[in-house]
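Peer 1: Each chain is listed here by its residues.
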Amino acid sequence: MSTSAATELFLAKPHLQQLLNALSARGYCIIGPTIDQSAIVYAEIRTVDELPQGWTDQQEPATYRLVRREDNAWFGYAVGPHSWKRYLFPPFATVAVADRTAAGWQMSTPHEPVPKYAFLGVRACELAAIKIQDKVFLEGAYVDPIYRARREQAFVIAVNCTSAGANCFCTSMNTGPRCTTGFDLALTELPDAFLVEVGSDSGGEVLAELQTRVADVEEQAAAERARQQAVSQITKRLDTTDIRNLLLTNLEHPRWAEVATRCLSCTNCTMVCPTCFCASVNEVSDLQGDHVERQRQWDSCFNLDFSYMNGGHIRNDIRSRYRQWMTHKLASWIDQFGSSGCVGCGRCITWCPVGIDLTEEVAAIRGETP
Amino acid sequence: MNSSPVTAPARPPVPENPWLSHTVRIEQIVPEIAEVATYELAFVDSTIAATYQFQPGQFNMLYLPGVGEVAISISADPRSRERWAHTIRVAGSVTQSLARLQPGATLGLRGPYGNPWPVAACEGRDVILVAGGIGLAPLRPVIYELLANRNRYRKVTVLVGARTPEGLLYPGQYADWKAAGIDLQTTVDRASPGWLGNVGVVPQLLDRMALPAPQETVLLVCGPEVMMHFTVKSAQRRGVPVENIWLSSERNMQCAVRLCGHCQLGPTFVCKDGPVYRFDQIAPFLKVEGL
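Residue numbers (my numbering), protein chains in the order written: chain B, 828 to 1197; chain Y, 324 to 614.
Keep in mind that a hint or two might mislead.
[What the hints assert, rightly or not] In silico BS3-like cross-links for lysine-lysine, where the CA-CA straight-line distance does not exceed 30 Å:
id, chain 1, residue 1, chain 2, residue 2
1, B, LYS962, Y, LYS595
2, B, LYS943, B, LYS958
3, B, LYS840, B, LYS943
4, Y, LYS595, Y, LYS610
5, B, LYS958, Y, LYS595
6, Y, LYS501, Y, LYS478
It should be emphasised that the hints constitute simulated quantities derived from the structure, not laboratory data.
All chains should be modelled from the sequences, with the hints used to inform the complete structure.
Peer 2: Given below as structure tokens:
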């Protein structure tokens, strides 16, 4: 690494396009924040003009609205309904194919081109989510080949938050808002520039092609103030003290029945969650039934069929399904993968149509609220 | 017969694509009880047949292209080298489609998966196998293993329960197992004409058994959850330590490789941490409805 991580480089704002150009020249498909259907989503971008310049997201439980910012910040929002998991762990993928031959069924692995992604605008909570999914898909006895192929090639450009949404609670989960690890480059946005940190050799190589200079003390202080502003705006808290035992010893708590009267079991929370990894495989065959593709699709523990077994459903009420989701996310994940499955991004709160807030549910089980 | 123990195979090589099945051919279909048949499956690729090994209690994913996959415990002798028995009850779409196949048909198989029964922990001890209904199928490889090295184990008892006499699995093998030194007892919930044996639930057989050395007794249980619950209670009352009690659990199984999330039971994944669990590792979660 040519530049120490502590050194921040100054990149004049318009020169961010140079970064996009350098990545394009290297064959990357750049995925970044852009506005679609009144939300900031992650999609392929080619120019910085496609960034949500001057927009922010106002979030509350069950509420997400884009509003104009007073300034023209390019990354002046929190997180939207998308997360990077849709690119590393695609919502639909073919995991195997089967063909009927004279010698019987032959199964094989489909060979599809692997997209080479550069992710622009990855938040600290999202870096943490990627790390958690790495553990799920790459670090067990069996590796998910689809995730691995995408992950190995991905170039990650993190962007430090300089403001926070009302549903953000990364400080409770120790995942942010500062990006500290897991990126190739990390940006902090100032009014007219980005300060850039290098997190990997390949990040340093790309950065070397851009017009940068070492940031001066004042610029570094301004970046630190901007990052600190995000910290001070975070008001939501989740008390994680002994949370694993709290939840797993309260599996019959009356709150589960209470939340079930509000929860619609719609699966939104699991779809927007950047760490939820449950999936099902469907058989998709041609008309003759001689060629069959096994298509994996995101699934959710809120779907009734998720727990189907021998003609019945194990979790046949919303109470048991909400309990499964929350105890898995916040408690049994610790047993399974060594950390919480929650990164504090707040998406499940924002996109819940009835505004269920898991931090409130935990507080209720803790006995802090009625 | 005094053969070497089943060597615990080193973890099988991890496949590049964990979803990829091997082609197997149905060599023989043996009707068992109503709705249940045993399928003898052979690998079409002889190199896989040469290296395939499993341990008692492990399961395979059987795949019918266009229909789906289903987790089936292996009920074969662990020393099988050419064909592997899977005893299957018609329950859902995959098993229904399987029931329509004839010998010679091919399907997919991947595995083995899951934690096995603790055969090594049975050595030098009294061993009680308790099976309800089709729960005898995942225990049959243990019986083969115990019989292959009968002198390594003390008293071996197999308690088999079924709803009716016609529901007792593998009845044609009972005489051989008894002759080879197993105390095999059966019971049925409801007798039918001609039945002269026990009537009652299988935990009652355990209640009535002499347990001379409960501390040195290992209990392996497989059957409906309510039957396992009362069997474990009976064993605990009789002084069998919880760490000597093992049971096999079941959940919706899709990937079998800890990647899809379906088979969670409390903080565990049945495909990885089960299906065989030591009772005390899973006890708090078994009694919670809908977990």
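Peer 1: Now tell me, hint by hint, if it's right for this structure.
Peer 2: So, going through the hints one by one against the coordinates:
Taking the CA atoms of B:LYS962 and Y:LYS595, the gap is about 15 Å. The hint holds against a cut of 30 Å. A distance of roughly 19 Å separates the Cα atoms of B:LYS943 and B:LYS958; the hinted pair therefore holds under the 30 Å criterion. The hinted pair formed by B:LYS840 and B:LYS943 meets the criterion: a straight-line CA distance of about 25 Å does not exceed 30 Å. Only pairs whose Cα atoms come within 30 Å are accepted, and Y:LYS595 paired with Y:LYS610 is accepted, the gap being roughly 21 Å.
A threshold of 30 Å between alpha carbons decides the hint, and for B:LYS958 with Y:LYS595 the separation of about 21 Å falls inside it, so the pair holds. Restraint check for Y:LYS501 and Y:LYS478: satisfied, since their Cα atoms lie roughly 12 Å apart, inside the 30 Å limit.
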